[in-house]
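J.: Chain by chain, the residues:
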Amino acid sequence: MRISEKLDQILMKVQKPTRYMGGEVNSIVKDPSSVEIRFAFCFPDVYEIGMSHLGIKILYHLLNSLDYVSCERVFTPWPDMQEQMKLHGIPLFSLETKGKVSDFDFVGFTLQYEMCYTNILNMLDLAGIPLYSRDRGEGCPFVCAGGPCAYNCEPIADFLDFVMMGEGEEIICEVMEEYCRWKKSGAGRIDFLKRIAQIEGIYVPSFYDVSYHKDGTIAAVAPNQKEAKPVVRKRIISDLDHVFYPDKIVVPFGEVVFDRIMLEVFRGCIRGCRFCQAGYIYRPVREKSPDTLMQSAKCLIQNTGYEEISLSSLSTSDYTRLPELAERLTAETEKAKVSLSLPSLRIDNFSIGLMQQVQKVRKSGLTFAPEAGSQRLRDVINKGITEEDVTRSAELAFRGGWNHIKLYFMIGLPTETDKDVTAIADLARAVIRTYDNIPKSERAKNVNVTVSVSSFVPKAFTPFQWEKQDTPEELVRKQKLLQGAITDKRISLKWHESSVSNLEGVFSRGDRRLSAVLAAAYQKGCLFDSWDEYFQPALWEEAFAECGIDPAFYNRRKRSLEEILPWEHIDVGVSNEFFRRECQKAYEGKTTANCRAACAGCGANCFGGGVCYE
Amino acid sequence: MSKLRFKYGCDACVKYVSHLDFVRMMTRSIRRAGLPLSYSQGFNPHPVMTVAVPLSVGMSSEGELMDISFDEEFEDLDALKEQMNAALPQGFYVIEIKDPAKSHLDGLKYIDKGEYRVCAVCKNAAAGFEADFLAMDRIMMEKKTKSGIKDTDIRPMIDQLSVLEQNGNQITFFMRLAAGAVNLKPQLVVDALSRYAEGFCGEYLSSHRIALLSGEKNCF
Numbered sequence: 001m002r003i004s005e006k007l008d009q010i011l012m013k014v015q016k017p018t019r020y021m022g023g024e025v026n027s028i029v030k031d032p033s034s035v036e037i038r039f040a041f042c043f044p045d046v047y048e049i050g051m052s053h054l055g056i057k058i059l060y061h062l063l064n065s066l067d068y069v070s071c072e073r074v075f076t077p078w079p080d081m082q083e084q085m086k087l088h089g090i091p092l093f094s095l096e097t098k099g100k101v102s103d104f105d106f107v108g109f110t111l112q113y114e115m116c117y118t119n120i121l122n123m124l125d126l127a128g129i130p131l132y133s134r135d136r137g138e139g140c141p142f143v144c145a146g147g148p149c150a151y152n153c154e155p156i157a158d159f160l161d162f163v164m165m166g167e168g169e170e171i172i173c174e175v176m177e178e179y180c181r182w183k184k185s186g187a188g189r190i191d192f193l194k195r196i197a198q199i200e201g202i203y204v205p206s207f208y209d210v211s212y213h214k215d216g217t218i219a220a221v222a223p224n225q226k227e228a229k230p231v232v233r234k235r236i237i238s239d240l241d242h243v244f245y246p247d248k249i250v251v252p253f254g255e256v257v258f259d260r261i262m263l264e265v266f267r268g269c270i271r272g273c274r275f276c277q278a279g280y281i282y283r284p285v286r287e288k289s290p291d292t293l294m295q296s297a298k299c300l301i302q303n304t305g306y307e308e309i310s311l312s313s314l315s316t317s318d319y320t321r322l323p324e325l326a327e328r329l330t331a332e333t334e335k336a337k338v339s340l341s342l343p344s345l346r347i348d349n350f351s352i353g354l355m356q357q358v359q360k361v362r363k364s365g366l367t368f369a370p371e372a373g374s375q376r377l378r379d380v381i382n383k384g385i386t387e388e389d390v391t392r393s394a395e396l397a398f399r400g401g402w403n404h405i406k407l408y409f410m411i412g413l414p415t416e417t418d419k420d421v422t423a424i425a426d427l428a429r430a431v432i433r434t435y436d437n438i439p440k441s442e443r444a445k446n447v448n449v450t451v452s453v454s455s456f457v458p459k460a461f462t463p464f465q466w467e468k469q470d471t472p473e474e475l476v477r478k479q480k481l482l483q484g485a486i487t488d489k490r491i492s493l494k495w496h497e498s499s500v501s502n503l504e505g506v507f508s509r510g511d512r513r514l515s516a517v518l519a520a521a522y523q524k525g526c527l528f529d530s531w532d533e534y535f536q537p538a539l540w541e542e543a544f545a546e547c548g549i550d551p552a553f554y555n556r557r558k559r560s561l562e563e564i565l566p567w568e569h570i571d572v573g574v575s576n577e578f579f580r581r582e583c584q585k586a587y588e589g590k591t592t593a594n595c596r597a598a599c600a601g602c603g604a605n606c607f608g609g610g611v612c613y614e
Numbered sequence: 001m002s003k004l005r006f007k008y009g010c011d012a013c014v015k016y017v018s019h020l021d022f023v024r025m026m027t028r029s030i031r032r033a034g035l036p037l038s039y040s041q042g043f044n045p046h047p048v049m050t051v052a053v054p055l056s057v058g059m060s061s062e063g064e065l066m067d068i069s070f071d072e073e074f075e076d077l078d079a080l081k082e083q084m085n086a087a088l089p090q091g092f093y094v095i096e097i098k099d100p101a102k103s104h105l106d107g108l109k110y111i112d113k114g115e116y117r118v119c120a121v122c123k124n125a126a127a128g129f130e131a132d133f134l135a136m137d138r139i140m141m142e143k144k145t146k147s148g149i150k151d152t153d154i155r156p157m158i159d160q161l162s163v164l165e166q167n168g169n170q171i172t173f174f175m176r177l178a179a180g181a182v183n184l185k186p187q188l189v190v191d192a193l194s195r196y197a198e199g200f201c202g203e204y205l206s207s208h209r210i211a212l213l214s215g216e217k218n219c220f
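Just so you know, the sequences run in chain order A and B.
If you're matching positions, the first sequence starts at 1 in this note's numbering and goes up one per residue.
If you're matching positions, the second sequence starts at 1 in this note's numbering and goes up one per residue.
Chain A with its partners taken away, still in its complex shape (with noise of 0.2 Å):
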């Protein structure tokens, strides 16, 4: 019977079937036989978070404009369906044709976060490929990576063939084109890793030997294959208005996350929080021109009928044509009756006019990110915003009619005292009084902030890599102190779960040690551990313990700045240079000016061009 057939008689039994089903408009479904490869993109979480990435749009439909690829998507099924899945013997399958992903030529996983990696695990064990790489052999499916994560995938580098570093338009297009004259070949897997390996951003990790120190530190990371480049630099795209943006995008039938079209008007991040990945991996910043963003709108409202659109980036006010794009899409989307939202918007008197523009309806809340309480510690993590900024977007919203103010905060921060921790409470209450302030015939009636508070976890590639982390019980205490420090009752606490981030603090340090300690871990049955309800913290326990090692070792150290690191042979254009300069800035309390007041000197230069050549 095939896998379609089988479907049939299960779907019905769990829970939001359409996430399995396919068949959505404008997804591709090519005849295998008309195909050279077949590549499975896999996003190793449910399926309402996958179709809300936008990568996986983007390079699904760029692979599926190449005639001779057929790309198809794969989501981690729910465990409910996992359980019909086994039941009925069902493996892995694709949506589009609903073949089986051991059938694929490539099994790529985008990385999106560190907590899904056991997920990527289980999703090779339901296709019925080998986990580790070592013990694929001819005929199976070549997995590879690629996404943020992938600058250290040392934790999953023994599951993974080969990975793709930095932007994945052009790269991906090359890997394809190397893939076919590897078929006609003839020669052996090996050949193939080999071919790639000497392609800039391609990184083979069985290529590298890792030694260590006594002390469990790395001695040194090597190739063992001439092909390998010693550094493995990222790739980016220079020119965004030349580059493959889809015309159209996957409609799903169900609710997903960002069930909307998203139009990327820049790429990287001018500012430089201290704490930040985002802002170090994706330099330089490069933009799209209004005329690239208007075309690709209106293709995608006529192309999706979606009824929402929004602008992505990681901080749109940076955005160096906003007025223009914003008067332009406001015209279109009114004709179109389409609602733009506007995420990540600093709030000063053009945004407060814009959002009062377009969000005619609904005054939900706004959000600000202050990250830390005092001015002290902003300053540490470089976040470039002072009290007065604060209060005086809170006035200008307050008077715009909003009542509702989301603040985010980190707790855990390098040189945080409980000083800091309480400050958090002094700038809510500053936002509550700036309200009181307010005649009342200027202001809505009542007012409520949110104070929603994340625990810091040290990343690679930002000035913080080499700090130790808090642990949870220290977490807890801060939080508890800051709960405490809250009296207003128009002022409500939000937090997340600590465990989680000591977890993820691990892994998005760790090297290729913990890849026995993740397959140890998924064989207890740890899975979709970004989820409260399937997160086992005391099943990770027992896998650490088993392989023996100490999670303290990478989250609750403090590095030494000559220590080599697990990721230092990938090379993100930012040197680590500048990353200990930045650090050593940080226990100044000196901040840095954003790229577009003054070159810091990162090195993202090297890549010749974005912001750095403006």
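The reader is advised that the hints may include incorrect statements.
Which chain B residues stay away from chain A? Per the calculated CB distances, all over 12 Å, these [stated by the list, open to error]:
no.: 1; residue: 132
no.: 2; residue: 155
no.: 3; residue: 215
Far from chain B, by Cβ distances over 12 Å, these chain A residues were calculated [claimed, not checked]:
no.: 4; residue: 32
no.: 5; residue: 34
no.: 6; residue: 65
no.: 7; residue: 195
no.: 8; residue: 243
no.: 9; residue: 306
no.: 10; residue: 323
no.: 11; residue: 327
no.: 12; residue: 336
no.: 13; residue: 386
no.: 14; residue: 419
no.: 15; residue: 436
no.: 16; residue: 499
Pairs of lysine to aspartate or glutamate residues, derived as EDC-like cross-links and limited to a Cα-Cα distance of at most 20 Å, are as follows [claimed, not checked]:
no.: 17; chain 1: A; residue 1: 6; chain 2: B; residue 2: 191
no.: 18; chain 1: A; residue 1: 13; chain 2: B; residue 2: 21
no.: 19; chain 1: A; residue 1: 98; chain 2: B; residue 2: 11
no.: 20; chain 1: B; residue 1: 98; chain 2: B; residue 2: 76
no.: 21; chain 1: A; residue 1: 194; chain 2: A; residue 2: 209
no.: 22; chain 1: A; residue 1: 16; chain 2: B; residue 2: 11
no.: 23; chain 1: B; residue 1: 3; chain 2: B; residue 2: 76
no.: 24; chain 1: A; residue 1: 335; chain 2: B; residue 2: 71
no.: 25; chain 1: A; residue 1: 16; chain 2: B; residue 2: 159
no.: 26; chain 1: A; residue 1: 494; chain 2: A; residue 2: 426
no.: 27; chain 1: A; residue 1: 183; chain 2: A; residue 2: 103
no.: 28; chain 1: A; residue 1: 13; chain 2: B; residue 2: 191
no.: 29; chain 1: A; residue 1: 6; chain 2: B; residue 2: 203
no.: 30; chain 1: A; residue 1: 184; chain 2: A; residue 2: 36
no.: 31; chain 1: A; residue 1: 229; chain 2: A; residue 2: 247
no.: 32; chain 1: B; residue 1: 102; chain 2: B; residue 2: 11
no.: 33; chain 1: A; residue 1: 13; chain 2: B; residue 2: 71
Simulated from the structure, these hints should not be mistaken for laboratory data.
As the structure is a computational prediction, the values presented were derived from the model and not from experiment.
Even glycine gets a Cβ: it sits at the ideal position worked out from N, Cα and C.
Use these hints to put chain B onto chain A, whose structure you have.
T.: Just chain B, lined up with the frame of chain A:
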């Protein structure tokens, strides 16, 4: 503004699309087709569409009805149908479009029956079991209602029931059941047959809606 009645169908490949997902899909398809859908006034404008009797998840159909309002009048309803069919995802299709004034009834709310083709796997089926079943005065089944699960007599909700064909262990029924405000699902009838009909023991497989009726009349 013009209100039009759409008769449409959906194949088995899209039978898992729920009613809410269907409405969203329909709205987006109309927008893709570039048709001037009418929106309600007020703070949260929504498209002016009425689906006659929402189809249950898992069911295919060739006789669904809905009314859709547009800001414009249409002369050529066949062209409109083609335009819609080009925009709909595979598996959904418009069969015909009519001015509701020319329909047998003007409001979809008068619909009270649906006709189905229902498949079941049966371990045994003695001749004439359905006649004995229909001869029962009362057929009590646990039925989901607005106020929870209740013991309900479903006999008055069964208008017609017959065996269309029997092929090996698969049996196909024709059923005409209450639909709309009072609604009976074919699966419950198969369950009731298994429980009460002498000589029938089977398991529900799938159903396909053929038409929606008001009294004896097809509503389109």
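J.: For each hint, tell me whether it holds in the structure or not.
T.: Hint by hint, here is what the structure shows:
Non-interface call for residue 132 of chain B relative to chain A: holds, since the shortest CB-CB distance, roughly 30 Å, exceeds 12 Å. Every CB of chain A lies more than 12 Å from the CB of residue 155 of chain B, the least distance being 27 Å, so the non-interface label holds. For residue 215 of chain B, the shortest C-beta to C-beta distance to chain A comes to about 32 Å, beyond the 12 Å cut-off, and the non-interface label holds. Every CB of chain B is more than 12 Å from the CB of residue 32 of chain A (nearest about 18 Å), matching its label as outside the interface.
Residue placement check: residue 34 of chain A keeps its beta carbon more than 12 Å from all beta carbons of chain B (closest about 18 Å). For residue 65 of chain A, the shortest C-beta to C-beta distance to chain B comes to about 20 Å, beyond the 12 Å cut-off, and the non-interface label holds. Annotated as non-interface, residue 195 of chain A keeps its C-beta farther than 12 Å from every C-beta of chain B; the closest such distance is 39 Å. Every beta carbon of chain B lies more than 12 Å from that of residue 243 of chain A, the smallest distance being close to 26 Å; the non-interface claim holds.
Separation of residue 306 of chain A from chain B is inadequate, the least Cβ-Cβ distance of about 7 Å not exceeding the 12 Å criterion. The claim that residue 323 of chain A lies off the interface holds: its Cβ sits roughly 28 Å from the closest Cβ of chain B, which is beyond the 12 Å cut-off. Even its closest Cβ contact with chain B, about 23 Å, leaves residue 327 of chain A beyond 12 Å, as expected for a residue assigned away from the interface. For residue 336 of chain A, the requirement that its beta carbon stay farther than 12 Å from each beta carbon of chain B is not met, with the minimum near 8 Å.
Remark: the non-interface label on residue 386 of chain A is consistent with the geometry, its nearest Cβ contact in chain B lying 37 Å away (cut-off 12 Å). Interface exclusion of residue 419 of chain A from chain B stands, the closest Cβ pair being 45 Å apart, more than 12 Å. A cut-off of 12 Å between C-beta atoms confirms that residue 436 of chain A is not in contact with chain B; the least separation is 28 Å. Consistency note on residue 499 of chain A: stated as away from chain B, and its beta-carbon is indeed over 12 Å from all of that chain's, at 36 Å minimum.
Distance check on the hinted pair: residue 6 of chain A and residue 191 of chain B sit about 23 Å apart at the alpha-carbon level, beyond 20 Å; violated. The suggested pairing of residue 13 of chain A with residue 21 of chain B holds, with an alpha-carbon distance near 18 Å, which does not exceed 20 Å. The hinted pair formed by residue 98 of chain A and residue 11 of chain B meets the criterion: a straight-line CA distance of about 18 Å does not exceed 20 Å. Our distance criterion of 20 Å between C-alpha atoms is met by residue 98 of chain B and residue 76 of chain B, whose separation comes to about 10 Å.
For the proposed pair residue 194 of chain A and residue 209 of chain A, the alpha carbon gap of about 16 Å is at most 20 Å, so the pair holds. The straight-line distance between the Cα atoms of residue 16 of chain A and residue 11 of chain B is roughly 18 Å, inside the 20 Å bound, and the hint therefore holds. Of the pairs offered as hints, the one joining residue 3 of chain B and residue 76 of chain B holds, with about 14 Å between alpha carbons and a cut-off of 20 Å not exceeded. Between residue 335 of chain A and residue 71 of chain B the CA atoms are separated by roughly 14 Å; this keeps the pair inside 20 Å, and the hint holds.
Between the alpha carbons of residue 16 of chain A and residue 159 of chain B the distance comes to roughly 33 Å, so the proposed pair goes past 20 Å and is violated. Proximity of residue 494 of chain A to residue 426 of chain A is assessed by CA-CA distance (about 16 Å); at most 20 Å being required, the pair is judged to hold. With a C-alpha separation of about 15 Å, the suggested pairing of residue 183 of chain A with residue 103 of chain A holds against the 20 Å cut-off. With a CA separation close to 17 Å, the supplied pair residue 13 of chain A and residue 191 of chain B stays within the 20 Å bound.
Note on residue 6 of chain A and residue 203 of chain B: the hinted pairing holds, with a Cα-Cα distance of about 17 Å set against a maximum of 20 Å. The straight-line distance between the Cα atoms of residue 184 of chain A and residue 36 of chain A is roughly 11 Å, inside the 20 Å bound, and the hint therefore holds. Pair hint residue 229 of chain A plus residue 247 of chain A does not hold up; C-alpha atoms about 36 Å apart against a cutoff of 20 Å. Proposed proximity of residue 102 of chain B and residue 11 of chain B is contradicted: the alpha carbons are some 27 Å apart, above 20 Å.
Our distance criterion of 20 Å between C-alpha atoms is broken by residue 13 of chain A and residue 71 of chain B, whose separation comes to about 41 Å.
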